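A.B. asks: Residue numbers (the working numbering), protein chains in the order written: chain A, 1 to 311; chain B, 1 to 311.
Treat the hints as calculated values from the structure; they're not laboratory data. Note that this is a predicted model, so its numbers are computed, not measured. Glycine residues also receive a C-beta, built at the ideal position from the N, C-alpha and C atoms. Among the hints, erroneous ones may be present.
Claimed, not checked - Negatives, chain A to chain B, calculated, CB over 12 Å: (1) Asp5; (2) Ala21; (3) Pro25; (4) Ala172; (5) Ile203; (6) Ala280; (7) Ala288.
Claimed, not checked - Incomplete in silico selection of chain B near chain A, CB under 8 Å: (8) Asn215; (9) Gly218; (10) Leu219; (11) Glu229; (12) Gly231; (13) Met263; (14) Thr298; (15) Leu305.
Number of protein chains: 2
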Amino acid sequence: MDGIDVLVSEVGPRDGLQSIAPVMPTAAKLDWIAALVAAGVREIEVGSFVPARLLPQLADTGEVVRAVRHRHPGLHVAVLVPNAKGAEAAIAAGADKITLPLSASETHSLRNLRRTHEEVLEEVQRIAGLLGACPEGTRPAFEGALSTAFGCTLEGEVPEAKVVALAERLVALGCDEVGLSDTTGYANPAQVKRLVRAVQAAIGPERLSGLHLHNTRGLGLANVVAGLEVGITTFDASQGGLGGCPFAPGASGNIVTEDLVFMLEAMGLRTGIDPERLMAARAVLKAALPGEPLYGFTPDAGLPLGFRRAA
Amino acid sequence: MDGIDVLVSEVGPRDGLQSIAPVMPTAAKLDWIAALVAAGVREIEVGSFVPARLLPQLADTGEVVRAVRHRHPGLHVAVLVPNAKGAEAAIAAGADKITLPLSASETHSLRNLRRTHEEVLEEVQRIAGLLGACPEGTRPAFEGALSTAFGCTLEGEVPEAKVVALAERLVALGCDEVGLSDTTGYANPAQVKRLVRAVQAAIGPERLSGLHLHNTRGLGLANVVAGLEVGITTFDASQGGLGGCPFAPGASGNIVTEDLVFMLEAMGLRTGIDPERLMAARAVLKAALPGEPLYGFTPDAGLPLGFRRAA
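Can you make the complete structure from the sequences, with help from the hints?
C.D. replies: As structure tokens, this is what we get:
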């Protein structure tokens with residue numbers, strides 16, 4: 001795998017901050033994002049177009065998208081949208097990529113979003129319509145993200161055939177790409193390989209955009225290795241593992257960007273990200289969120305003596 | 001890989017306790033070992049035959065070996081020995097397996113054991129002589145464990161050719177098997193695959209006994225996945241990640257048995273170990289070491305809803 005390019009998509013400013021109570025000021029978010037870009041991060045999910053009363057932390061998403069586009073023209077600016085209304089706002093702000101989550105577990109979908117699969121798929125169709133009307137060169141990429149794809153805390157096992165069928169529906173209704181999310185930290189490496197291969201076979205490998213893995217049971221990076229084995233080259237991660245400590249301390253949610261980048265670069269895979277500068281971005285984040293625990297093994301242990309990045 | 005048997009070799013009672021200051025009474029060690037055996041653990045490194053004044057924690061190793069052999073006739077009882085004198089004691093006590101560590105980094109060997117490679121290799125030869133004199137059916141297996149095989153905190157990179165050459169010497173001088181240890185937590189999955197393949201090619205896959213991996217930079221289980229990909233079926237682990245928190249909290253040393261067993265069983269690989277009963281053994285350990293931090297993600301998060309062990 002030596003020399004392959006891997007895209008580490010930073011989701012901290014959205015997925016990370018989403019579960020943090022103290023609202024980070026817009027200026028602090030922009031400083032953190034600037035530090036991430038300086039470290040070489042090429043794609044960042046900067047926010048979510050949800051109603052401000054539901055998520056005050058992300059109420060400034062439009063402002064953040066506009067500022068970031070201006071300051072970092074080369075950055076791929078991604079946002080989450082729960083519906084067509086959010087997609088409209090994302091298009092207006094100039095996002096490069098919009099991601100709509102669809103929970104493979106319908107129980108989870110009903111409980112958390114109060115919507116059936118069919119209702120979410122109708123939103124997908126509406127968003128595809130909006131995107132079709134975008135002027136040439138302004139249309140963002142459209143990803144359908146299958147959450148609870150590896151299991152659900154309410155339903156338990158989620159049949160792989162259901163995940164594959166939903167992936168096909170998403171593409172048929174207008175998604176450019178489909179992502180698989182281990183929302184619950186249930187995935188294991190054998191399952192990752194099996195499900196990725198099944199989805200690749202159904203919609204084509206070029207339409208499986210990447211994996212969003214959690215480290216809830218410590219298997220996050222092991223699942224990345226499994227993903228790499230079957231050709232995945234995009235992985236979400238969150239700086240400091242921000243965004244989800246659903247259990248006791250140490251049992252983080254998102255995989256930690258610092259550990260992921262160290263692993264990939266040590267393996268000879270090119271992320272474009274400088275691990276030392278990533279630590280500088282971590283310091284910016286830490287200063288902006290005093291008292292909030294940040295996770296990661298590599299930040300504690302430091303880089304190995306004589307460590308070299310991928311050539 | 002479905003249905004393959006994997007041996008999880010528990011090193012907590014030796015490698016784990018070794019770095020703990022309060023000496024655990026022999027009876028408590030035996031209770032913990034009994035709980036591990038009840039969970040299905042098939043091999044345990046129960047101690048080390050080093051001078052008692054150097055390591056009071058393991059001064060009762062002879063007594064532990066004898067008691068464990070009597071109580072758990074089916075258990076594979078492993079011990080560490082630093083030299084031929086230790087091997088003599090191990091043979092007398094009736095160990096099933098003796099492991100002699102040899103640091104691939106000579107600087108590390110000199111600094112930690114005050115011995116050159118040649119001096120350690122002379123001990124190997126002496127031990128092979130002792131083993132040759134064992135009566136039929138009483139001869140323990142003899143493993144040479146190459147520590148710092150994936151890098152050294154003093155030398156940095158350890159050339160793979162050096163590791164391969166030392167593995168060949170160990171076998172030539174009488175070791176039945178060679179193990180590779182990531183003593184420093186420097187290993188990455190690409191390196192694991194590369195080095196395992198190189199050693200397999202040199203001494204034969206049947207003589208590469210297993211991997212001893214650390215989780216210092218969070219890559220422990222990712223490195224296990226890499227090992228599985230190239231045919232490794234024995235992995236050391238320590239309950240609660242005991243034995244080495246060389247850095248800040250959370251940056252544990254040994255990979256955590258609870259997380260490893262969960263991952264392997266979830267992957268459909270048979271460890272013979274019941275994750276629920278392993279938690280009971282953890283409770284025994286916790287009671288015996290009050291105040292000592294135990295690590296692991298799965299113990300905090302619990303097993304996934306609907307989790308099934310490998311068939």
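A.B. asks: Taking the hints in turn, state whether each one holds.
C.D. replies: A quick look at each hint next to the structure:
1. Asp5: Fine: 15 Å to the nearest Cβ keeps Asp5(A) off the interface.
2. Ala21: Given that every Cβ of chain B is farther than 12 Å from that of Ala21(A), nearest at about 21 Å, it holds.
3. Pro25: Pro25(A) clear of chain B: closest Cβ-Cβ about 29 Å, beyond 12 Å.
4. Ala172: The claim holds: Ala172(A) sits with its nearest Cβ about 30 Å from chain B, beyond 12 Å.
5. Ile203: Given that every Cβ of chain B is farther than 12 Å from that of Ile203(A), nearest at about 25 Å, it holds.
6. Ala280: At roughly 19 Å from the nearest Cβ of chain B, Ala280(A) sits farther out than 12 Å, so the non-interface label holds.
7. Ala288: Holds: least Cβ distance 21 Å, greater than 12 Å.
8. Asn215: 7 Å, holds
9. Gly218: With a minimum Cβ separation of about 3 Å from chain A (threshold 8 Å), the hint on Gly218(B) holds.
10. Leu219: 5 Å, holds
11. Glu229: 7 Å, holds
12. Gly231: Violated, because the Cβ-Cβ distance from Gly231(B) to chain A comes to roughly 15 Å (cut-off 8 Å).
13. Met263: Given a least distance of 5 Å, the restraint on Met263(B) holds.
14. Thr298: Hint on Thr298(B): holds, closest Cβ of chain A at ~5 Å, below 8 Å.
15. Leu305: 4 Å, holds
In this structure, the one hint that does not hold is number 12.
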